[in-house]
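Chains A and B supply the protein sequences, listed in that same order. For the first sequence, the residue numbers in the numbering used here are 684 to 986. For the second sequence, the residue numbers in the numbering used here are 25 to 348.
Think of the hints as simulated: they come from the structure by calculation, not from any bench. Please note: incorrect hints may appear among the correct ones.
To give an idea of the chain B side of the interface with chain A (calculated C-beta under 8 Å), a few residues [claimed, not checked]:
1. V40
2. I72
3. F177
4. F228
Pair ranges (Cβ atoms, derived) [as the list claims (entries may be wrong)]:
5. A/L817 x B/V38: 32 to 38 Å
6. B/A235 x A/L899: 19 to 25 Å
7. B/F311 x A/P902: 36 to 42 Å
Every residue gets a Cβ at the ideal spot worked out from N, C-alpha and C, and that includes glycine.
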Amino acid sequence: MSVAPVAAPSRAETPIVVEATKEPRRFTLGSLPLNLALILLTIIWVVPTLGLLVSSFRPGFLISRTGWWTALAPPFQFTLQNYSDVLQTNNLFTSFINSLTIAIPATVMPIAIASFAAYAFAWMRFPLRNWLFLLLVGLLAVPLQMTLIPVLSLFKSLGLSGNFFGVWIAHTAYGLPFAIYLLRNFFGALPGDLFESAQIDGAGPVTMFFRLVLPLSVPALASLAIFQFLWTWNDLLVALVYLGGAPQFAPMTVTIANLVNSLGSGYELLTAAAFISMALPLVVFLALQRYFVRGMTAGAVKG
Amino acid sequence: MDIVRITFLVGAVVLVPAALIAYVLVTDLGVRLLPARTQPRIRPWLWILPSMLAVTVFLIYPTIATIWLSFLDKAGQTFVGLANYGEVLGDGGVLVSIRNNIFWLVGYTALVLVFGLILAVLADRVPYESAVKSLIFMPMAISFVAASVIWGFMFAYQPPGAPQTGTLNALLNLFHGSPIAWLIDHRTNNAALILVAVWVWTGFAMVITSAALKGIPPELLEAARVDGATELQVFFRVTVPLLAPTLTVIGTTLVIFALKAFDLVYVMTGGFYDTDVMARRMYGEMFNNQNFGTSAAIAMLLLLAVVPVLIFNLRRFQFQEAIR
Numbered sequence: 684m685s686v687a688p689v690a691a692p693s694r695a696e697t698p699i700v701v702e703a704t705k706e707p708r709r710f711t712l713g714s715l716p717l718n719l720a721l722i723l724l725t726i727i728w729v730v731p732t733l734g735l736l737v738s739s740f741r742p743g744f745l746i747s748r749t750g751w752w753t754a755l756a757p758p759f760q761f762t763l764q765n766y767s768d769v770l771q772t773n774n775l776f777t778s779f780i781n782s783l784t785i786a787i788p789a790t791v792m793p794i795a796i797a798s799f800a801a802y803a804f805a806w807m808r809f810p811l812r813n814w815l816f817l818l819l820v821g822l823l824a825v826p827l828q829m830t831l832i833p834v835l836s837l838f839k840s841l842g843l844s845g846n847f848f849g850v851w852i853a854h855t856a857y858g859l860p861f862a863i864y865l866l867r868n869f870f871g872a873l874p875g876d877l878f879e880s881a882q883i884d885g886a887g888p889v890t891m892f893f894r895l896v897l898p899l900s901v902p903a904l905a906s907l908a909i910f911q912f913l914w915t916w917n918d919l920l921v922a923l924v925y926l927g928g929a930p931q932f933a934p935m936t937v938t939i940a941n942l943v944n945s946l947g948s949g950y951e952l953l954t955a956a957a958f959i960s961m962a963l964p965l966v967v968f969l970a971l972q973r974y975f976v977r978g979m980t981a982g983a984v985k986g
Numbered sequence: 025m026d027i028v029r030i031t032f033l034v035g036a037v038v039l040v041p042a043a044l045i046a047y048v049l050v051t052d053l054g055v056r057l058l059p060a061r062t063q064p065r066i067r068p069w070l071w072i073l074p075s076m077l078a079v080t081v082f083l084i085y086p087t088i089a090t091i092w093l094s095f096l097d098k099a100g101q102t103f104v105g106l107a108n109y110g111e112v113l114g115d116g117g118v119l120v121s122i123r124n125n126i127f128w129l130v131g132y133t134a135l136v137l138v139f140g141l142i143l144a145v146l147a148d149r150v151p152y153e154s155a156v157k158s159l160i161f162m163p164m165a166i167s168f169v170a171a172s173v174i175w176g177f178m179f180a181y182q183p184p185g186a187p188q189t190g191t192l193n194a195l196l197n198l199f200h201g202s203p204i205a206w207l208i209d210h211r212t213n214n215a216a217l218i219l220v221a222v223w224v225w226t227g228f229a230m231v232i233t234s235a236a237l238k239g240i241p242p243e244l245l246e247a248a249r250v251d252g253a254t255e256l257q258v259f260f261r262v263t264v265p266l267l268a269p270t271l272t273v274i275g276t277t278l279v280i281f282a283l284k285a286f287d288l289v290y291v292m293t294g295g296f297y298d299t300d301v302m303a304r305r306m307y308g309e310m311f312n313n314q315n316f317g318t319s320a321a322i323a324m325l326l327l328l329a330v331v332p333v334l335i336f337n338l339r340r341f342q343f344q345e346a347i348r
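Throw the hints in and build the complete structure from the sequences for me.
Now the structure itself:
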């Protein structure tokens, strides 16, 4: 993170005061308003999700009549009916598998392709290197919308629309600029001495890439994988455009969006559907939060 | 799950990386046959070739093609000059979506930055910081479709007198206000949609602001306090100016998102009740109206709006490279 360099003031002038005020300030619970404000904000942030979670275990006839908070007082009426209904009648299980089918290759492929290019941009010298990389940085900001029509016609003429291939290819290509950008910055920050000594030992670029760079870059690869997985799992637009609404291929986002528009009164099923779609991202997030945050702070300017 | 699909899935996950590794190994064997001085000149091009090829075919060529399409007729056959732009800018619906994108641009960006900053600064001072940050950040992991469902229940509306099932209207009831149809009422619906996006993205701003905040030397803040500055003065005169570069970077990401907003509007209102935005409108022109010309013209307006951000990003990148 870039913080403007400012000359640190001399501490020698008032050392005693500084030491005396420093410690208690950091972790005091003294200021009640601060804690109240923070806890209130956190509650506001959690309540929407909590409300839906409670609703998803309530019987349908109650969801449409009373608010979710009434379920927190007796008589407790909870059920798994919404989950079993939506899995059986609305193809949500198929959609879950479809989402996985889309997201796994769409995560692996761009990382595989990008890592070679990122290494070349970080450690090889060639003409136009900086200009080509600048082009990729520029592409990070170009809206996806600019590509939809021509890519769709291309896919149609090649028979790649309306099936998983088109979505895989599209997600791969759209993910590349960010993947190359992130990995190149990480590879470039590896110590140069490492490469020099490997070179003296007779290692070529291929050996250095597989034996040195990839093993050292596991954290960067992990954060990129989490990003790309969540992005493709949560995507609606790419799937809508290139899958062309075929229900047997629809991922969960598309199925749920259709449910929202078609259910009308029976929308208790939406509660369970939304939670099934959130389960995997939340597990990934909670388990690998550190990598996720690291990738984000490394300069997330995704296009 | 059928066997065909498993085959394709495994094929994509295993064969694509395997083919790439094979490509690099085989071409490297070829490169090594060349004189030692030529090798480093050829190798980088072979390594960036797959990426550049994909980027050219699926990002650069389509972008240029879309620019060209915006000057062609509905079916993309004959040249019509600026007619599509005239049609788009004369269309009341498109103008409403441009106005809404401006609402998004200003309201969403400002609120996310402000909430992110407040939460980062407050959380920095309590021992339960990481718990708070996880909870605020969690919406970032879920889809906008799921967020739409979550907030659909928050905004639920029943006629006055009936028991309110939506959290917000129930709160209004508690204070004896009359219920509001948040997503339909023209006074509230755009704000309601923006609020959902703010809810999702505040964690992003908070996490990055918080990382920058930890980078500020505590001596700086202490010095200001010792000189008699109040906590508010320290915040506005020291912390915020030091965070300004970080906030600008977060802001550019938010601006791009605000311009491309699609999912929330598509799911929550379908663009009805004057809540349409350009990205949703473009999709509608493309699929519902089958008009590639006007659709491309709307995409072009989006691109033009992004250009300042794009230039800013390029400059910042060049600056970072210069000080590396």
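> Broken hints, numbered, in rising order?
Replying inline: Hints that this structure does not satisfy do not exist here, as all of them hold.
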